[in-house]
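Chains A and B, in that order, give the protein sequences.
Numbering follows my numbering, with no gaps: position 150 of the first sequence is 150.
Numbering follows my numbering, with no gaps: position 193 of the second sequence is 193.
Take these hints with a grain of salt, some might be off.
[Unchecked claim] Examples of chain B residues lying across from chain A (beta carbon under 7 Å, computed):
#1 A102
#2 L105
#3 A107
#4 V141
#5 L168
#6 A172
#7 S175
#8 M179
#9 P180
#10 V193
#11 Q204
#12 I205
#13 S208
Derived from the structure by calculation, the hints contain no laboratory data.
Just so you know, these numbers come straight off a predicted model, no measurement behind them.
Think of the CB as a built atom: it goes at the ideal place given N, C-alpha and C, for glycine as much as any other residue.
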Amino acid sequence: MIWLLLAVFTPLAGTLLLALIPRARMAGLANLALSALSLAGSLGLALRVLHRGSLHGHGFLVDPFNVYLVVLTAFVGLTTAVFSRPYMEHVHLAEKRVSPAGMRLYHSMYQGFLFTMLLALTTNNLGILWVAVEGATLATVLLVSLYRTPAAIEAAWKYFILCGVGIAQALFGTVALYFAAQHVLPPGANGLDWSTLYAIAPQLEPRVMVVAFAFLLVGYGTKVGLVPLHSWLPDAHSEGPTPMSAVLSGLLLNVALYAVIRMKMLTDAALAASRTPALAGHLLMGFGLLTFLTAVVSLHRRHDIKRLFSYSSIEHMGLMTFGFGVGGPLATFAALLHMLVHALTKSSIFVTVGHATHIARTQRIERIRGLIRTQPAVGWGLLLGVVAIAGFPPFGIFASEFLLLSATMASWPWLAPMLVLGLVIAFAGLFRNIQPMVFGTPPVDQQAVRANMLPVMLHLALVLSLGIVIPAVLSNWLGAATMLITGAALR
Amino acid sequence: MNLGTLPLVDQAVLVLAAMALFSAFALLAQSRLLAAIHVFAWQGFLVAAVAALTGAASRDPHLYLSAAITLGLKVLLIPWMLHRLLRRLSLERQADPLAYPALTLLAAAAIVVFADWVAAPVAQFEHSATRNVIAISLAIVLLGLLMMVVRRQALAQVLGFMAMENGLFLAAVASTHGMPLVVELGVAFDVLVAMVLFGVFFLQIKDSIDSLDVDRLSQLSASIERDEITEQRP
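This is chain A alone, in the form it adopts within the complex:
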């Protein structure tokens, strides 16, 4: 329990503390230290869960499904904090785009965002889950408008309104779920506790559950970035500060998807005896495929490098949603693995993109040229990141996409060609934009910047090693999570 409290509540203390530190340099260091402390807590929690099984009580629930996401969240939080310190200092002191008050807000809300993410992952109460996901919107919305340009304000407004509306639908779904639970609840139990609900799920009224799931899917799906509710995502990613884009893509989308999958588990159990037992899965498949195909086409003809990669995030979230929708142990395992490797790869790409935009002093793809010649580390980092995200072997994304494809081949063979075609289109879309940025001739006055590529190397090395061999600890966890979600073990 102590580890859990350390992991989750360090960022909360950080939110208050960093709002009080006036010096941006000191706040950057404190941000780093707090993120490291939170990671230490989450690692302790993971060891505890590894040795003594799921942790359950006092309103928290940590089982194999969320423990690896907790570690992932704290880890990406730390590496992004490593990147954010010099990056934001550059923005603050050299470019003068952020005021000292803005820096205070930035650091405080960075920790606030990590807090809401970790709370959403570890809480057992679906109401608190909703409050935390809404809190994540509130924490990040002012960061999206941090630069105060008209475009940034517009992006933030769109983000606020669209996610606010979406998340309101999720609350209605939660109320409907609570309503369905109240009729079969054992006396004295809390009808919003996920573990209680899971135990009584087969008795929940199926038709109310269908309504609840539809609202929850639309609500949390807005935050996942499912088409047609995705339009906030590229705007928020492109206009906000780059460390924010890294954590939004790497963490927020995963947590929203996590919420959807928890709801799917309840709905599947409730509908098992009805005429449409796989309704939730089919809905996820439909939304996932639509999202995937729309995003791969949108990858072409982009002008802004951060928008390009945010569409790539939408693509991968679509793929994961599809994977969870297909169901079955293999597809679920693949989707869980994909959540992990995508978060690592995408946050490393955004870190590299942050350095690249500082080198080229613009986010416009046409004007970013010749990164390898100006600064080889950044150029190669970007290239390797894109190779990884496009799903080339031996990176981890290849492994998860391959597993997903074989699962699709087994259960829905006629959908597999669409996935392959989509992946090829995505590959073409990424490389036609990346190739000149990395290899082209640099403008005459382009200079290298101080860049800390350690987080990128670390992330890519992890993704690479996950593509070659998945450590036994992790595969056991993912296997247990698969067992939990599908009720069947991976052969």
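Assemble the complex: chain A is given as a structure, and chain B must be docked to it using the hints.
Chain B in isolation, oriented as in the chain A frame:
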């Protein structure tokens, strides 16, 4: 359903809920911002009254607390904050008429029918009064959504957003006698923070485009994608 055969409390709840639905229509059609804020405050009052009445009927002290929170937040604090913003941005006399009033109200009526249809499965294990209140609260949520779609004024959009919250609260109170207290406190906190952020945003939007017409915000985005102006970055 025969209204007369129901217990007195249910009758009162139904009447209050129906009035809340009426206020959602009034909010949708009201073009003057100042009046719209007042309608919103009345809607909050009706919803709080439903909570208090349900609390009195079920002798549940926590519902009184929810009613008090709603009264403080939705009837007093948020309308007051909106009032202040309106004065500060000197928009008191501003009107924001609907582009297609007849069409919008027809769509609103269709939404009510739809909400009634969605709430149908509830009927089998609850008496019909609850089912009707759930249908009404869903209709209020969706009418708030419609308001956010059809209104161009940022402040009117915020009213739509807050009206959705009213609908959600009504749903929670009517169907389940309120969510657990910790959740309600969390939701209330989120709503309050959201309102503060909206206030900050109004000032930022006003500064950057000198108007609160949200249509002008979307023009900006279109130009980014069409790749025309943009990039005044250093």
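Open item on the list: Less than 7 Å between beta-carbons is the criterion; does B/A172 satisfy it with respect to chain A?
Closed with: 5 Å, holds
- [ ] Go through the hint on B/S175 and say holds or violated, using the shortest Cβ distance to chain A against 7 Å.
- [x] Holds. Min distance 4 Å.
Task: Interface hint compliance - B/A102 to chain A, C-beta minimum distance less than 7 Å - done: 25 Å, violated
- [ ] Grab the minimum C-beta distance from B/V193 to chain A and call the hint holds if it beats 7 Å, violated otherwise.
- [x] 5 Å, holds
TODO: Would you settle whether the hint for B/M179 is holds or violated, based on the nearest Cβ-Cβ distance to chain A being less than 7 Å?
DONE: Given a least distance of 5 Å, the restraint on B/M179 holds.
- [ ] Would you settle whether the hint for B/L168 is holds or violated, based on the nearest Cβ-Cβ distance to chain A being less than 7 Å?
- [x] Holds, because the Cβ-Cβ distance from B/L168 to chain A comes to roughly 5 Å (cut-off 7 Å).
Open item on the list: Given a cut of 7 Å on the nearest C-beta pair, is the interface hint for B/Q204 held or broken against chain A?
Closed with: 5 Å, holds
Task: Hint check: 7 Å Cβ-Cβ cutoff, B/A107 to chain A - done: At about 16 Å, which exceeds the 7 Å cut-off, the nearest Cβ of chain A leaves the hint on B/A107 violated.
TODO: With chain A as the partner, please determine if B/L105 meets the hint condition of a C-beta pair closer than 7 Å.
DONE: Interface hint status for B/L105: violated (21 Å vs cutoff 7 Å).
Task: Proposed interface contact between B/V141 and chain A, which counts if any beta carbon pair is under 7 Å - done: 6 Å, holds
Task: B/I205 as chain A interface residue, shortest Cβ-Cβ below 7 Å - done: 6 Å, holds
- [ ] Identify whether the interface hint at B/P180 stands, where standing means a beta carbon of chain A within less than 7 Å of its own.
- [x] Result: holds, 6 Å to nearest chain A Cβ.
Checked against the numbered hints given earlier, this structure breaks hints 1, 2 and 3; the rest are met.
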